[in-house]
Amino acid sequence: MYDFVVVGVGPAGARFARRAAESRYDVLALEKGEVGTPLACSGHVSTDLWDYVPDSAREDLFQNRVYGAEFHVGGPDEDGYRFYKNEAVSNVIDRVRLDETLAEAAREAGADVREGHTVTSVEERAGHVAVTASVGGAERTFEGRMVVGADGPVSRVRRGLGLPEPDETLHGVLAFDETPDDGDYVSVHLTAPRFFAWRIPRGDAGVEYGLAAPPGHEVNDLFEELTDAYDVETDHFCSGAIPIGPPERTTAKRGFLLGDAAAQTKPFTGGGILYGMRAADVAADVVDPEDPTTLPRYEAAWREELEREIRFGHWIRRAYSLPEPVQRAGLWALSGEIGVHMDEPSSFFSRKHLRKLFS
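Numbering follows our numbering, in which position 106 of the sequence shown is assigned residue number 106; successive positions increment by one, without gaps.
Simulated from the structure, these hints should not be mistaken for laboratory data. Hints may contain errors.
[To be verified] Once the Cα atoms are required to be at most 25 angstroms apart in a straight line, the calculated DMTMM-like pairs of lysine to aspartate or glutamate come out as:
(1) Lys-352 x Asp-184
(2) Lys-253 x Asp-3
(3) Lys-85 x Asp-48
(4) Lys-32 x Glu-59
(5) Lys-253 x Glu-307
(6) Lys-32 x Glu-165
(7) Lys-356 x Glu-337
(8) Lys-253 x Asp-26
(9) Lys-85 x Glu-70
(10) Lys-85 x Glu-59
(11) Lys-352 x Glu-139
(12) Lys-253 x Glu-305
(13) Lys-32 x Glu-139
(14) Lys-352 x Glu-87
(15) Lys-352 x Asp-51
(16) Lys-253 x Asp-285
[Claimed, not checked] Label pairs and their in silico Cβ distance ranges:
(17) Asp-51 x Asp-291: 20 to 30 angstroms
(18) Phe-358 x Glu-290: 50 to 60 angstroms
(19) Glu-304 x His-236: 35 to 45 angstroms
Note that CB positions come from ideal geometry on N, CA and C, so glycine has one too.
Please model the complete structure; the sequences and the hints are all you need to start from.
Structure, rendered in structure tokens:
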């Protein structure tokens, strides 16, 4: 009988497994394939990331430093509206290696991290939960006092616990050009329906191109238009779902959701690495596997931690669908030096940013 059975060893699941193991809980963490593969999302993250990984991992993970973004209402042939800081806004990291690093940290803390375990069912029972996984063609069932669903946008744990779906799921695609680019600005194109496309320089690792849009839009065709506009050939094409808008409940009788499974993502970018790990820390602080009455505390606490930023993120995203003249006017008025934190849209109203804006 484990204290926690964690399903999914991405950033949120690995972070929780590490923190729970450090608290001397007996933790089993299951990953359906190899940790870090297939690539799930972009490696463009705020500098807060370094608070969550061992200091020794920085050199291995770091690819590029970013000072801001250039927003384009059209394609790359038009001038962009530049938003910048005089220090790094964000970093580009090796996304696959990040997952591996976080999983290694969980193992070192004492968590039993197992790859090649595809969870097929989750069942809440009296006093515990049963998690069945396919392992090399055979089935194994593991018992735990609680199950943690950190298994992504299409979460089997979420379905097994009977929890509601996220408000919305976007379709995202990305691919890479291996030509080195040490530029220090990302490019954002407000050309995708109700979302955007991007270009991220990754230093010696090349360039990442990506795009996301709601269902019903041919994202592959839109992505081809993007790369044609940049006149590049890309490879290592990746595709996946991006959940937006947390469901009404993320906790059940003996389990809870983390990360993309709980849609703990930024509505205006789709990124969820830092939000998921922040929620994992909240869960590790408040959830007692022997006391299911602590689960409502997690529900309330993670929403208190992230809800304001998610709400402001929804307001920012609405601007992606404004008429083009309004977008241009807004970008012109707001561009320049900023004091905004990449993960905290509410910081737009901070004293630091307002000083920059009105100067």
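Against the structure, the hints come out as follows:
1. Distance hint between Lys-352 and Asp-184 is fulfilled; the C-alpha atoms sit about 22 angstroms from each other, no more than 25 angstroms.
2. For the suggested pair Lys-253 and Asp-3, the alpha carbons sit about 14 angstroms apart, so the restraint of at most 25 angstroms is met.
3. Distance restraint check for Lys-85 and Asp-48: the Cα-Cα separation of roughly 16 angstroms lies within the 25 angstroms cut-off, and the hinted pair is therefore satisfied.
4. As the CA atoms of Lys-32 and Glu-59 are separated by approximately 28 angstroms, the hinted pair breaks the 25 angstroms bound.
5. Taken as a hint, the Lys-253 and Glu-307 pair is honoured in the structure, with Cα atoms around 23 angstroms apart against an allowance of 25 angstroms.
6. The hinted pair formed by Lys-32 and Glu-165 meets the criterion: a straight-line CA distance of about 21 angstroms does not exceed 25 angstroms.
7. Proximity of Lys-356 to Glu-337 is assessed by CA-CA distance (about 6 angstroms); at most 25 angstroms being required, the pair is judged to hold.
8. Among the hinted pairs, Lys-253 with Asp-26 is consistent with the structure: their alpha-carbon atoms are about 19 angstroms apart, no more than 25 angstroms.
9. Of the supplied pair hints, the one linking Lys-85 and Glu-70 holds, its CA atoms being roughly 12 angstroms apart against a limit of 25 angstroms.
10. A threshold of 25 angstroms between alpha carbons decides the hint, and for Lys-85 with Glu-59 the separation of about 23 angstroms falls inside it, so the pair holds.
11. Restraint check: the Cα-Cα separation between Lys-352 and Glu-139 comes to about 55 angstroms, which exceeds 25 angstroms; the hinted pair is violated.
12. Between the alpha carbons of Lys-253 and Glu-305 the distance comes to roughly 22 angstroms, so the proposed pair stays at or under 25 angstroms and holds.
13. Under the criterion of a C-alpha separation no larger than 25 angstroms, the hint pairing Lys-32 with Glu-139 is consistent with the structure, at around 13 angstroms.
14. For a cut-off of 25 angstroms, the pair hint linking Lys-352 to Glu-87 stands: about 14 angstroms separates their Cα positions.
15. For the given pair, Lys-352 sits about 22 angstroms from Asp-51 by alpha-carbon distance, which is consistent with the 25 angstroms threshold.
16. A distance of roughly 18 angstroms separates the Cα atoms of Lys-253 and Asp-285; the hinted pair therefore holds under the 25 angstroms criterion.
17. Between Asp-51 and Asp-291 the C-beta distance comes to about 29 angstroms, which sits within the given range of 20 to 30 angstroms.
18. For Phe-358 paired with Glu-290, a C-beta distance near 54 angstroms keeps the hint of 50 to 60 angstroms intact.
19. Restraint check, Glu-304 to His-236: a C-beta distance of roughly 39 angstroms satisfies the suggested window 35 to 45 angstroms.
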